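Novice: In case you want the letters, here they are:
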Amino acid sequence: MINELNTLSIKKIQQAYAKKEFSATELTQAYLDKIKQENPNYNAFLQTQESQALEKAKFVDQQLKDNADSLPPMAGIPIAIKDNILQKDEICSAASQFLKSYKAQYSAHVIEKLQDNHAIILGRTNMDEFAMGSANKNSAFGPVKNPINPDHVPGGSSGGSACAVAANQSCVALGTDTGGSVRQPASFCGITALKPTYGRISRYGVIAFASSLDQVGPMGKTVEDVAYTYEAIAGYDQRDSKSLNHTVKKASDKLEKQDSLKDKVIGYSSAFFNHGVSDEVKDNFLQSLKHFESLGAHVQDIDLAHLHYGVSCYYVIAPAEASANLARYDGIRYTQRSDDSSSIANLISSSRSEFFGDEVCRRILLGTFVLSSGFYDAYYLKALKVRNLIQQDFIEAFKKVDYIATPTSPTTAFKLNQQNNDPLQKYLADMYTVPASIAGLPAISLPNGRSDNNLPFGIQLIGSYYTEDDLLTTAHVLEKAIGFHQQG
Amino acid sequence: MKYEAVIGLEVHAQLNTQTKLFCRCKNEYGQEANSATCPVCLGLPGALPKINQFAIEQAIKAGLALNCNIQLNSVFSRKNYFYPDLPKGYQISQFDKPLCLGGQVDIEVNEEAVGVVLERIHMEEDAGKLLHGDSSENKGGSLVDLNRAGVPLIEIVTTPCMNSAEQASTYLKKLRNILRYIDVCDGNMEEGSLRCDANVSIRPVGSQTLGTKVEVKNMNSFKHVQKAIEYEIERQSLALDNNEEIHQETRLWNPEKGISITMRSKEESNDYRYFPEPDLKALDIEQTWIEEIKENLAELPDAKKQRYIDDYGLPSYDAGVLTSDKDVAAFFEHALNALSVSEKNAKNLSNFVMAEVLRLCKELSVSINDLKFNAQDLAQLLKYVADGTINGKIAKDIVDTMAETGEKPQAIIESKGLKQLSDPKDIQPIIEQIIQNNPKQVEQYKSGKDKLFGFFVGQTMKETKGKANPGMVNQLLKDALK
Numbered sequence: 001m002i003n004e005l006n007t008l009s010i011k012k013i014q015q016a017y018a019k020k021e022f023s024a025t026e027l028t029q030a031y032l033d034k035i036k037q038e039n040p041n042y043n044a045f046l047q048t049q050e051s052q053a054l055e056k057a058k059f060v061d062q063q064l065k066d067n068a069d070s071l072p073p074m075a076g077i078p079i080a081i082k083d084n085i086l087q088k089d090e091i092c093s094a095a096s097q098f099l100k101s102y103k104a105q106y107s108a109h110v111i112e113k114l115q116d117n118h119a120i121i122l123g124r125t126n127m128d129e130f131a132m133g134s135a136n137k138n139s140a141f142g143p144v145k146n147p148i149n150p151d152h153v154p155g156g157s158s159g160g161s162a163c164a165v166a167a168n169q170s171c172v173a174l175g176t177d178t179g180g181s182v183r184q185p186a187s188f189c190g191i192t193a194l195k196p197t198y199g200r201i202s203r204y205g206v207i208a209f210a211s212s213l214d215q216v217g218p219m220g221k222t223v224e225d226v227a228y229t230y231e232a233i234a235g236y237d238q239r240d241s242k243s244l245n246h247t248v249k250k251a252s253d254k255l256e257k258q259d260s261l262k263d264k265v266i267g268y269s270s271a272f273f274n275h276g277v278s279d280e281v282k283d284n285f286l287q288s289l290k291h292f293e294s295l296g297a298h299v300q301d302i303d304l305a306h307l308h309y310g311v312s313c314y315y316v317i318a319p320a321e322a323s324a325n326l327a328r329y330d331g332i333r334y335t336q337r338s339d340d341s342s343s344i345a346n347l348i349s350s351s352r353s354e355f356f357g358d359e360v361c362r363r364i365l366l367g368t369f370v371l372s373s374g375f376y377d378a379y380y381l382k383a384l385k386v387r388n389l390i391q392q393d394f395i396e397a398f399k400k401v402d403y404i405a406t407p408t409s410p411t412t413a414f415k416l417n418q419q420n421n422d423p424l425q426k427y428l429a430d431m432y433t434v435p436a437s438i439a440g441l442p443a444i445s446l447p448n449g450r451s452d453n454n455l456p457f458g459i460q461l462i463g464s465y466y467t468e469d470d471l472l473t474t475a476h477v478l479e480k481a482i483g484f485h486q487q488g
Numbered sequence: 001m002k003y004e005a006v007i008g009l010e011v012h013a014q015l016n017t018q019t020k021l022f023c024r025c026k027n028e029y030g031q032e033a034n035s036a037t038c039p040v041c042l043g044l045p046g047a048l049p050k051i052n053q054f055a056i057e058q059a060i061k062a063g064l065a066l067n068c069n070i071q072l073n074s075v076f077s078r079k080n081y082f083y084p085d086l087p088k089g090y091q092i093s094q095f096d097k098p099l100c101l102g103g104q105v106d107i108e109v110n111e112e113a114v115g116v117v118l119e120r121i122h123m124e125e126d127a128g129k130l131l132h133g134d135s136s137e138n139k140g141g142s143l144v145d146l147n148r149a150g151v152p153l154i155e156i157v158t159t160p161c162m163n164s165a166e167q168a169s170t171y172l173k174k175l176r177n178i179l180r181y182i183d184v185c186d187g188n189m190e191e192g193s194l195r196c197d198a199n200v201s202i203r204p205v206g207s208q209t210l211g212t213k214v215e216v217k218n219m220n221s222f223k224h225v226q227k228a229i230e231y232e233i234e235r236q237s238l239a240l241d242n243n244e245e246i247h248q249e250t251r252l253w254n255p256e257k258g259i260s261i262t263m264r265s266k267e268e269s270n271d272y273r274y275f276p277e278p279d280l281k282a283l284d285i286e287q288t289w290i291e292e293i294k295e296n297l298a299e300l301p302d303a304k305k306q307r308y309i310d311d312y313g314l315p316s317y318d319a320g321v322l323t324s325d326k327d328v329a330a331f332f333e334h335a336l337n338a339l340s341v342s343e344k345n346a347k348n349l350s351n352f353v354m355a356e357v358l359r360l361c362k363e364l365s366v367s368i369n370d371l372k373f374n375a376q377d378l379a380q381l382l383k384y385v386a387d388g389t390i391n392g393k394i395a396k397d398i399v400d401t402m403a404e405t406g407e408k409p410q411a412i413i414e415s416k417g418l419k420q421l422s423d424p425k426d427i428q429p430i431i432e433q434i435i436q437n438n439p440k441q442v443e444q445y446k447s448g449k450d451k452l453f454g455f456f457v458g459q460t461m462k463e464t465k466g467k468a469n470p471g472m473v474n475q476l477l478k479d480a481l482k
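Protein chains in written order, with the numbering used here: chain G, 1 to 488; chain Z, 1 to 482.
Okay, chain G solo, but in the shape it has when bound:
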């Protein structure tokens, strides 16, 4: 019974609630038990919020008795939250020593929305420190393991959230995506994740990494689960000046109505395969182009001339913004302070050296460098220009095609103990996910089969601005055709 409960989709859970097959409390308990049982193996959760979750479940059960019809789709749905999203009075550490016991003073917009929707928050998930990383090895609280094969990484930075969903420790999860941080781990763990249009989901209460790129992204076992979660949290928030005041169209109720990709034009660029892509990923992707065609779509090779500058551009802009966003962790406030207080300068620099991990330090230094006088024009300003060119490439492309398809990652999940001391090589792992982030476009990653050693492939679809509903609908057609999502 327990294992079965943990695999159900949102719709199945709602149907079961309606038929009183089990209660929200039972479901929540099943998930909490599963986490308790398996967390030592995977390290996906930094903390569960057991009593609050059960309390909310009890509330939902009462609502189910009193006025079941008026409950929103997310009511009673267990969800895991990445540790960089603030929940009032709960620790929010961004997996950093700096904030290891930092309690949030207020809740993020997305948390308020989930609470309004009566979703059940199970706990906070592990991640790369301050969302910097693609393997979830940069957590101050130990790495997360890939539930498909624990010798491999789950991807990052939302590795904990991806693992929680893939290992059935949560029905759905929230991650954050700056350059691919929900899409790549979704791909590695064989689940689905959406990075919406920049500004679709309020960043209020999300610990910032790179402000002009950060977006909260829903992660789930199916496109439909992702759609429900997205719809619960998307929408205008006046507290985030970059929030879009633009209608959020629902996809969840039209997913079933579409079966083909007739009249859809899907673009890809053969130039994507020039470097760093594994053969199996390439084969898998080319296979899916045939899939598109068999579903009625036109597939078109398009010119995206500036896309291969994406990673360079990203690794200038993101660290630059991060260097400012992380300046507030100075040892003056929050939880951690170095003992070296011989001067203010020493207190600040020692605290930062002691409590930031290597990757965070590396990016802060990089960001500080590219912004420093004398280098600003050569790096930061140039990166902004490249960003503009990439945006233009996409805008031009979307005049010809409806979606752009890429593999989500150039490789499948790499081994946990695989040593890679070349950070530049590691950064190239983001080559497919970064361009959509730079342009602020919505993009979804969904499972696209397994490799010979049974590791998941992911495929990414990038859509035009504000077209999450279409993107989800198309992804759903694809999901049904490919059939590699976990059945629920």
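Rather than coming from a laboratory, the hints here were simulated on the basis of the structure.
Since the model is a prediction, treat every value here as computed from it, not as a measurement.
Mixed in with the good hints, there may be bad ones.
[Claimed, not checked] What the simulated footprint calls covered on chain Z by chain G, stretch by stretch (three residues with Cβ under 8 Å from a Cβ of chain G suffice, anywhere in the stretch; the number is not a length):
| hint | region |
| --- | --- |
| 1 | 44–50 |
| 2 | 75–89 |
| 3 | 269–279 |
Even for Gly, the Cβ is constructed at its ideal location relative to N, Cα and C.
Please build the complex by placing chain Z on the supplied structure of chain G, with the hints as guidance.
Specialist: Only chain Z this time, still in chain G's reference frame:
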């Protein structure tokens, strides 16, 4: 060698707003430490800035009043540096695309007209405040108060266009006055609402190239600004005379010792690593909004001065004194409105305000609004002079009492019995008595020592405790001494 100073000022003015620049916390001086704070101004993780439209309006007002070009598109940037009172590790400020460009403030120093040319006005948020060391609650440590963090400021930057400390302090006074007129800044330098840094360089008279610039910070009164600049000009002149090099540096003014000391040199100067604030959109301003603000802009000091000259027939000097402070002008106008308007009234009132009211403000070290009497009370007092209830000299005594006790003029006149004696029947016997008591002086006066007339007037006034109608006294004395 003879040197010429070249001075530019950077003035930070705190905007009069209910709330801070990027959050809804109260912008109010003197609250309990850290009580006016929220996640945004504390720079807590996840907090995002949200622009205060009224602060923008205030900044535009300032720009219009100072003859700037308001930019329809301006950008907020992050200015990065570490300091314990800077919660986010960066200050949100405007950098390469400020709200206002250009501008001019006309001043007059030693009867010479000087146009102080502005470079720009940009907006920024204030940082917090550190309380160091010695107070008992600190126990030797340093405490951070972030109430001020996020308070909206404008920084008004002049070009290097002034040549003397006097010009600089005159400009600063004029600037403060304008900002107060339009209610953009309360101008309270002691509370830090208006802060001034000066860039000072010198060059040989006749030279066109600028000398090495030194920035002097931390001046919180007009006097300090003037003294610090004078000191700096002197210091640099001495250095050049001794063939020493002037170093580009930032210096702090120490008002107790009357000297400036090095704070940091160019070598250790900050690299602020500005870049556009990614949490805010660029500031796009509608031209119609600017027009609307312009239409509602309060009368500026120069315009008011001209109106006093034109409408009230006041001399330029009077009009200048009365309009050099917003509250003095308002006091004057309130009092004038309470009187029947005629040119004669205005001049009388102007005299009385300048001579007596401003004297009292100075003696009591209070602003005109903090006097214990108001404009209506003063108008009433002057009405009593006009209708002969009291004479002008008594009025001066009464106004002192008003300032001291806050009593109304009528009450003072009654309780002290100060009503003017204008009936000859009351004065005649006193005069006769004085003539009788001073036969020697009478004799001298009658033999041609005309100056002694004043002696008799004085005696009469003394005897009547100053209440006698002076005209009446003159007349009666002349008759009696014939």
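Novice: Against this structure, judge whether each hint is valid.
Specialist: Checked hints:
Check result for the region 44–50 of chain Z against chain G: holds, 7 residues qualifying (beta carbon to beta carbon below 8 Å, three or more required). As drawn, the region 75–89 of chain Z meets chain G at 8 residues by the rule of a beta-carbon pair under 8 Å; at three or more, the given contact holds. Residues of the region 269–279 of chain Z lying with their CB closer than 8 Å to a CB of chain G number 6, which satisfies the three-residue condition for coverage.
Of the numbered hints stated above, none is contradicted by the structure.
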